[in-house]
Each structure stands twice: as C-alpha cells, then as structure tokens.
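Chains as they are written, first to last, in numbering that gives the first Met the number 0: chain A, 0 to 198; chain E, 0 to 547.
In short, the hints are calculated from the structure, not lab data.
Each residue gets a CB set at the ideal place from its N, CA and C atoms; glycine is no exception.
Careful, some of the hints might be misleading.
Lysine to aspartate or glutamate pairs mimicking DMTMM-like chemistry, simulated, CA-CA at most 25 Å apart [claimed, not checked]:
no., chain 1, residue 1, chain 2, residue 2
1, A, Lys-76, E, Asp-475
2, E, Lys-270, E, Asp-234
3, E, Lys-499, E, Asp-349
4, A, Lys-111, E, Glu-46
5, A, Lys-49, E, Glu-18
6, E, Lys-38, A, Asp-112
7, A, Lys-111, E, Glu-147
8, E, Lys-277, E, Asp-215
9, E, Lys-12, A, Glu-114
10, E, Lys-12, A, Glu-28
11, E, Lys-32, A, Glu-114
12, A, Lys-111, E, Asp-339
13, A, Lys-111, E, Glu-41
14, E, Lys-12, A, Glu-18
15, E, Lys-12, A, Asp-14
16, E, Lys-12, A, Asp-33
17, E, Lys-32, A, Glu-28
To give a feel for the contact side, a few chain A residues facing chain E, derived at Cβ under 10 Å [to be verified]:
no., residue
18, Leu-25
19, Val-39
20, Lys-76
21, Asp-79
22, His-81
Derived Cβ-Cβ restraints for the label pairs, each shown as a range [unchecked claim]:
no., chain 1, residue 1, chain 2, residue 2, range
23, A, Leu-109, E, Leu-15, 23 to 31 Å
24, E, Leu-15, A, Ile-121, 27 to 35 Å
25, A, Asp-14, E, Asp-52, 54 to 62 Å
26, A, Val-120, E, Pro-6, 26 to 34 Å
27, E, Leu-15, A, Thr-136, 34 to 42 Å
28, A, Asp-14, E, Pro-6, 17 to 25 Å
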Amino acid sequence: MMGMVMRSFASFVEDHYGEEVADEALSTEGLSTDGAYTTVGYYPTDDLVKMVITTSNSTDVEVPVLIQRFGFDLFSKLADGHADMMQDFTNPIDLLASIESVIHVNVRRLYKDTELPRFDVIERQGDEHLTLAYSSTRPFADLAHGLVHGCLNHFGAEGRATVEREDVKADGTSSVFRIAVRPEGSEPCETKPTPSSQD
Amino acid sequence: MRNETDPVLARLKRSLAREQRARQSAESLLESKSAALYKALEDLRHESAFSRDISEAADAAADGIALTDAEGIFTYMNHAHAAIFQYEPAELIGQSWSVLYEPHIAQRIGAQAMPIVFSEGSWRGEAVGRRKDASAIVQEIALTARPENQGLICITRDASARKAREARMREMEHQLRVSENSIAYYLLSHTVAHDLANLLAVIEGNSAILAEALGDGELADRVGRIATATNSARDVITSLETGVDHTLRGSAEVDLVQFLRKSISLAESIKPSAVDLKVELPEHAEAITNEVLLSRSVLNIAKNAFEALSDGGHLTIRLIPGGEAEDKPCSLRLGPEGLDPDWVIELIDDGPGFSGDDLQTYFEPFTSTKSKATTSGLGLLSVRALAESRAASVEIYSEAGEGTRYRILLPKNREQPRPYKPTAKPAASARILIVDDEVEIGEVLSAQLKRKGYEASFIGDPTLALEVLLASETIDLVITDLNMPQMAGDTLARRVKAAKPDLPFILVSGQSGFVAETNLFEARLRKPVRPHDLYNAVDQVVRGGAPI
Numbered sequence: 000m001m002g003m004v005m006r007s008f009a010s011f012v013e014d015h016y017g018e019e020v021a022d023e024a025l026s027t028e029g030l031s032t033d034g035a036y037t038t039v040g041y042y043p044t045d046d047l048v049k050m051v052i053t054t055s056n057s058t059d060v061e062v063p064v065l066i067q068r069f070g071f072d073l074f075s076k077l078a079d080g081h082a083d084m085m086q087d088f089t090n091p092i093d094l095l096a097s098i099e100s101v102i103h104v105n106v107r108r109l110y111k112d113t114e115l116p117r118f119d120v121i122e123r124q125g126d127e128h129l130t131l132a133y134s135s136t137r138p139f140a141d142l143a144h145g146l147v148h149g150c151l152n153h154f155g156a157e158g159r160a161t162v163e164r165e166d167v168k169a170d171g172t173s174s175v176f177r178i179a180v181r182p183e184g185s186e187p188c189e190t191k192p193t194p195s196s197q198d
Numbered sequence: 000m001r002n003e004t005d006p007v008l009a010r011l012k013r014s015l016a017r018e019q020r021a022r023q024s025a026e027s028l029l030e031s032k033s034a035a036l037y038k039a040l041e042d043l044r045h046e047s048a049f050s051r052d053i054s055e056a057a058d059a060a061a062d063g064i065a066l067t068d069a070e071g072i073f074t075y076m077n078h079a080h081a082a083i084f085q086y087e088p089a090e091l092i093g094q095s096w097s098v099l100y101e102p103h104i105a106q107r108i109g110a111q112a113m114p115i116v117f118s119e120g121s122w123r124g125e126a127v128g129r130r131k132d133a134s135a136i137v138q139e140i141a142l143t144a145r146p147e148n149q150g151l152i153c154i155t156r157d158a159s160a161r162k163a164r165e166a167r168m169r170e171m172e173h174q175l176r177v178s179e180n181s182i183a184y185y186l187l188s189h190t191v192a193h194d195l196a197n198l199l200a201v202i203e204g205n206s207a208i209l210a211e212a213l214g215d216g217e218l219a220d221r222v223g224r225i226a227t228a229t230n231s232a233r234d235v236i237t238s239l240e241t242g243v244d245h246t247l248r249g250s251a252e253v254d255l256v257q258f259l260r261k262s263i264s265l266a267e268s269i270k271p272s273a274v275d276l277k278v279e280l281p282e283h284a285e286a287i288t289n290e291v292l293l294s295r296s297v298l299n300i301a302k303n304a305f306e307a308l309s310d311g312g313h314l315t316i317r318l319i320p321g322g323e324a325e326d327k328p329c330s331l332r333l334g335p336e337g338l339d340p341d342w343v344i345e346l347i348d349d350g351p352g353f354s355g356d357d358l359q360t361y362f363e364p365f366t367s368t369k370s371k372a373t374t375s376g377l378g379l380l381s382v383r384a385l386a387e388s389r390a391a392s393v394e395i396y397s398e399a400g401e402g403t404r405y406r407i408l409l410p411k412n413r414e415q416p417r418p419y420k421p422t423a424k425p426a427a428s429a430r431i432l433i434v435d436d437e438v439e440i441g442e443v444l445s446a447q448l449k450r451k452g453y454e455a456s457f458i459g460d461p462t463l464a465l466e467v468l469l470a471s472e473t474i475d476l477v478i479t480d481l482n483m484p485q486m487a488g489d490t491l492a493r494r495v496k497a498a499k500p501d502l503p504f505i506l507v508s509g510q511s512g513f514v515a516e517t518n519l520f521e522a523r524l525r526k527p528v529r530p531h532d533l534y535n536a537v538d539q540v541v542r543g544g545a546p547i
C-alpha cells in the first residue's frame with residue numbers, strides 16, 4: 000500500500016474524528032513501522048486494515064462506511080495533489096472511464112512498483128452512464144465506492160447522480176458500479192446518502 | 000505546564016516521535032532513490048550513447064536502411080536508401096513504401112513478399128524500384144518484421160551494378176568460349192598438320208632417295224609423281240593451318256605494360272566488388288610473344304580467379320623482370336623448360352585453390368573446377384596454347400585452401416644473330432646428329448644426308464641425345480624436331496648451347512605456327528622437308544652462311 004494512502008487515512012481520521020482517535024489508530028498494535036509513514040514509502044496493506052478497525056472501534060462507525068468515507072475524502076486529496084492531471088477532464092464519467100487507460104498509466108510513471116486495482120469500463124453511454132468493474136487483490140471495494148462518490152462530488156454532480164453497486168465477490172475484491180449522471184439543470188434525483196453526508 | 004502524565008502531551012510526543020521516524024525513513028528512502036536515480040541516469044547515458052552510435056552507423060551505412068510503421072509508412076531512412084531512389088530521406092519519411100514502386104510491382108510485393116514476412120519473420124529477394132526520375136532500379140531487398148507488429152525493417156542495395164557486371168561477365172564468357180573453340184580448332188589442326196607432315200616427310204624423303212637411285216625411266220617418273228603428290232599434300236596442310244585464326248599464329252614484339260593495362264582494364268569490368276585487385280607494373284617492358292594468346296590467357300586466369308573469389312579475396316597481377324623473379328614451387332609447368340625469361344607475369348589469388356588432380360585436367364577444352372551446377376566453366380586452353388606455341392612458359396602452383404599462383408615466363412627479347420663460327424671441316428665430312436621421336440623421319444633424313452656424303456646418325460630420344468651431345472666433341476651439327484614427348488627441341492637446343500654455344504642447330508618442325516622466336520636455331524625447316532631445302536640448309540650452316 001502506498002504511503003500516501005496511509006498518511007491520507009491518518010489525516011482523514013484526525014480531521015473527522017479528532018487527534019486522539021488518530022493517535023489511537025497510529026498507535027495500533029502490530030503496525031509495521033509503529034505508525035510512522037511517509038508518503039513515498041510502501042507499507043503492508045494489513046497496516047491500513049488494522050488502523051481502520053481501530054478507528055471503527057474508537058468511533059463506532061462501521062468499517063465499510065468508514066472506508067467509503069475515507070475514499071470520498073481521498074479523492075479530493077488526490078485531485079488536489081494532481082491538479083494538472085485533472086485539467087484534462089471536464090465531467091466525472093470521462094474521468095472514471097479513463098482511470099485505467101490514463102490515470103493509472105500516469106501513476107505508474109511516478110510509482111512504478113505500485114500495485115493498482117483495475118477499473119475496467121464495461122459499458123459507457125456518453126457522459127451520462129457508465130458501468131465500471133472494480134477488481135483488486137485487496138478487499139477495498141468500499142474504498143472504490145467512496146472514490147466514485149468523491150469524483151462525482153469533485154465535478155459538482157453528486158446531486159444529479161446515482162451509483163448502484165453490485166458486489167461480484169463478497170470479500171470486497173470485485174464489484175460493479177453502475178453510475179448515472181443526469182445533465183446539469185435537470186431535477187435532483189433521490190439518492191442514498193453519500194459517504195460525506197454521513198459524517 | 001503540562002506534566003509527564005498529561006495525555007495530550009503524551010500524544011504530542013508520540014506524534015512527534017512518529018514524524019521523526021517517518022522523516023528518517025523518508026531521508027533514507029530519498030538517499031537510496033537518489034542513488035538508484037543516479038545509476039539509472041548513467042545507464043541511460045550509456046544506452047543513449049549506444050543508440051546514438053547505432054543511429055550514426057545506420058545513417059552512414061553503405062546499404063540502404065529504412066523503418067516503416069505498421070501501416071507501411073517510412074518512419075526512418077538513411078541517406079543510402081534514399082539515394083538509391085534519387086531522393087533525400089526527408090522526402091520519403093512519412094510516405095508509404097509503395098511510392099518507390101510501380102503500382103503492379105507494389106501489388107506483387109504486397110501479395111507475395113509481405114505474407115512471408117509476417118509468417119516467417121523475414122523475406123529476401125529482388126525487386127524493380129522506381130527512381131525519382133521514373134527510371135527503373137534493380138534492388139536487392141531484405142525485409143524483416145519489427146517486434147510487436149510495429150512495422151518493417153528494410154535493408155536494400157542497388158543491384159544494378161552487379162547486374163551489369165554479371166551481364167559483362169556473361170558477354171566475356173561468351174567471347175572466351177568462342178575464343179576457346181577457335182583455340183581448340185587451332186590446336187587440333189596443328190596436331191593433324193604435324194602428324195601429316197611427319198608422314199609426308201617419310202614419303203618424300205624415301206621418294207627422293209628412290210628417284211636418285213633409279214635415275215631416268217618409267218619407274219623414276221612414277222616416283223616423281225609421288226613427289227608431286229607429296230607437294231600437293233603439303234599445300235593441303237598449309238590450307239588446314241591457314242584456316243585457323245591467323246592471330247593465334249606466330250609471335251611479335253609486344254609492349255607488355257600497355258598490353259597488361261588493357262587486359263586489366265577489361266578484367267576490372269567483371270571484377271566483383273568483394274575482390275581487391277592489386278596491380279604492379281614497371282614503366283616499360285617488351286617481349287616477343289603471341290599477344291592474342293597471352294591476352295586470352297591473362298583474361299581467362301583473372302576471370303577464373305574472380306569466380307573463385309566471389310565471396311571476397313585478393314588478386315595480384317604483377318610484371319617483374321626475369322632477373323628479379325625467384326624460382327618458386329611449381330605444381331605444373333607448361334611450355335619450354337629452362338627458359339631464361341626476360342619478364343614474368345604473375346597472377347596470384349588467395350582463393351580456395353584446387354588439388355593436383357584437378358590441375359591435370361584444367362587445361363583441357365571446356366574443363367572447369369567450378370561447380371557444374373553453377374556454370375559449365377571454361378578451361379584454360381588458351382594458356383596451354385600459349386605454352387605449346389613456345390611463346391611463353393607457364394608455371395602453376397595451387398593447393399586446396401592456399402590459393403593459386405600463375406607465372407607466365409616470357410622469353411628473352413629478340414636477340415641479334417650471333418656471329419656463327421663455321422666448322423673447319425669439309426662440308427661433306429661434317430658429322431650430323433638427327434633427333435626426332437618419329438623413327439621413320441629420323442631414318443629417312445639420315446639416309447638422305449648420308450647419300451650426300453655427310454656422316455649422319457639418328458637418335459629418337461632427345462634426353463639421350465642431350466647426354467651424347469654434352470659428352471661428344473665430334474658432332475658438327477644437330478637437326479632436331481620441336482615437339483617430342485621426352486623433351487622439346489628448343490629445350491634440347493637451349494641446354495646444349497648453354498655448354499656449347501657454337502654448336503649449330505637446325506629445327507625441323509611440322510607446325511608452322513609454333514616457331515620459337517629465339518636465337519636457338521641457325522636454320523628452321525618445315526616438314527615435310529623438300530630434299531633440296533634440306534641440303535641447302537645443311538650446306539649453308541656447315542659452310543658458315545647466315546642463319547636462315
């Protein structure tokens with residue numbers, strides 16, 4: 000797992016649940032570096048899982064929800080950190096459809112050893128409908144879910160969008176997301192609360 | 000002041016400690032990444048330099064090199080490739096390869112060559128391209144598929160020069176073949192003439208003896224008719240010989256330097272580019288020889304060397320004074336032995352050479368050591384004819400794997416007639432030795448001379464005659480045939496005169512074209528010898544007349 004994700008998680012916990020909870024997460028027993036992470040390092044995925052569980056226990060927020068919220072938050076951090084890359088996209092469907100072919104290609108240029116999940120486009124209809132297949136060796140379908148919402152929020156489309164998730168595997172390593180975005184100016188749709196609104 | 004048990008202070012300390020460890024970890028990672036980056040940069044510099052070298056080599060290569068993308072569009076082309084088609088590289092990069100061919104040729108390449116490239120990885124062949132000025136160009140092409148279906152690598156060279164050289168080679172081979180026919184006929188006619196002359200000599204000599212013995216009368220008249228018929232037969236022999244290309248007969252003074260320059264110029268027109276030809280000539284050189292036979296010999300030897308060296312090698316042609324020519328090993332010698340040459344022409348190649356068995360048959364008509372699958376080949380009959388004309392001696396040295404060396408030894412230039420010292424004895428008592436491998440001729444000449452009062456004797460083996468002549472002080476004159484299997488007549492004369500320069504020799508030969516142009520003989524007679532010609536020649540030589 001990239002160190003940037005670890006630090007982002009610590010930052011997310013501190014911002015949303017306070018310094019004390021963040022301290023508890025980073026003090027979790029058995030972390031590979033005793034909670035000292037750099038953005039440029041690589042760390043065991045288990046470290047993140049352990050910190051998520053600690054945080055969930057500390058906050059009584061369920062793990063899937065906590066991870067989705069983190070994904071929502073993570074997207075904005077990624078977007079801020081790579082503003083130049085974001086300039087090429089004008090709507091969320093374009094960006095989500097280009098994760099594999101454009102964004103991950105650029106990520107590998109910066110972090111050649113990183114192991115990335117796959118986001119394969121199953122079907123796309125213009126800028127309104129996209130069926131995206133997530134697969135990974137890690138159980139982070141919830142994180143992907145949060146990232147999708149983070150993306151919609153980044154482009155101001157959260158209120159016009161619906162995201163249906165179908166878990167292909169129960170362990171969180173494979174899911175399909177059906178994303179619909181209505182054109183700007185159309186009526187808001189009724190959606191489930193987004194991860195950010197659950198704070 | 001917060002105390003040590005203050006949980007906030009403790010949390011801040013833990014956070015600080017984590018950040019310090021993270022910073023140390025980041026610094027450590029930074030150092031290792033920096034080192035890796037430096038190494039990667041060095042590797043990149045090396046690869047970049049290597050790529051630049053490869054690129055420069057490709058740019059400077061003599062062969063045409065081009066790359067196309069998967070659509071057949073040129074993405075790179077060196078100058079040589081563009082120049083073959085009279086373009087600059089920039090004019091063709093970005094264009095389809097098909098612009099270099101007429102549509103039907105491009106279609107054929109696409110239909111026949113490309114499927115092989117994509118199924119087998121490469122294709123090699125020839126094609127007729129189209130230059131910028133629309134003229135045709137024959138090119139050799141090697142097409143190779145680039146990895147991952149990225150297009151083609153095309154290596155090409157202009158085959159026009161090679162084609163033209165091959166055409167010149169075929170033309171020269173045709174001319175040499177015609178020439179070899181002519182020389183074969185020449186050798187055959189002289190062999191026939193020689194044999195007929197020997198038979199006629201026996202008939203004519205015996206007829207003359209019979210006529211003298213019979214005096215007048217019907218029988219003497221009938222013997223006279225035999226002599227008349229013999230004379231007519233002599234004319235038939237002359238006709239047979241004159242039917243041959245007259246340029247193949249006799250010898251003349253030849254400007255060797257000019258002659259060799261002309262021959263080498265002809266040879267260069269068929270020289271493969273892989274052969275390095277080195278020529279060493281003096282400023283002036285002249286010799287007495289048959290220019291036509293010598294020219295064809297040099298060309299034939301050079302042509303055979305070029306074919307033997309088709310994959311590359313060296314041929315040296317040099318003309319060196321006889322005095323500077325060292326004795327060298329010799330696998331086969333043709334022509335006069337013991338020749339003291341004025342000039343030696345050497346043709347030395349470092350090709351595969353050939354074995355002694357091949358060497359024996361190399362000088363037969365239409366014989367070649369080359370593969371019958373590739374060419375019928377030409378023998379070196381001209382070399383044999385040159386040697387048999389006595390206008391040169393030829394030494395050949397060759398061993399399989401060691402190349403081949405020809406040495407053409409040209410006899411000394413025409414010498415001024417030596418003052419002849421006549422025998423002090425009365426002509427009729429002069430002792431004459433006749434040397435001829437034809438027993439009948441030897442005996443009849445001996446009988447004719449005895450009837451005129453000379454002490455004539457006959458030896459059929461010239462090697463035995465050599466021993467006798469070197470040992471004897473009583474022989475006043477030698478009459479010898481030219482072509483004898485054991486030793487040629489001019490060789491016999493040369494060896495004897497080396498010890499006894501004043502002993503006169505008369506040459507009696509049945510081959511008018513094969514007269515050695517040396518000063519070895521005080522007189523030369525043509526077989527069949529008319530009796531009065533024989534008596535006159537002997538009388539003149541014995542009495543001290545000028546050489547005939």
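*Looking at the structure, which of the earlier hints fail to hold?*
The structure conflicts with hints 1, 2, 3, 8, 9, 12, 17, 20, 21, 22, 24, 26, although it agrees with all the remaining ones.
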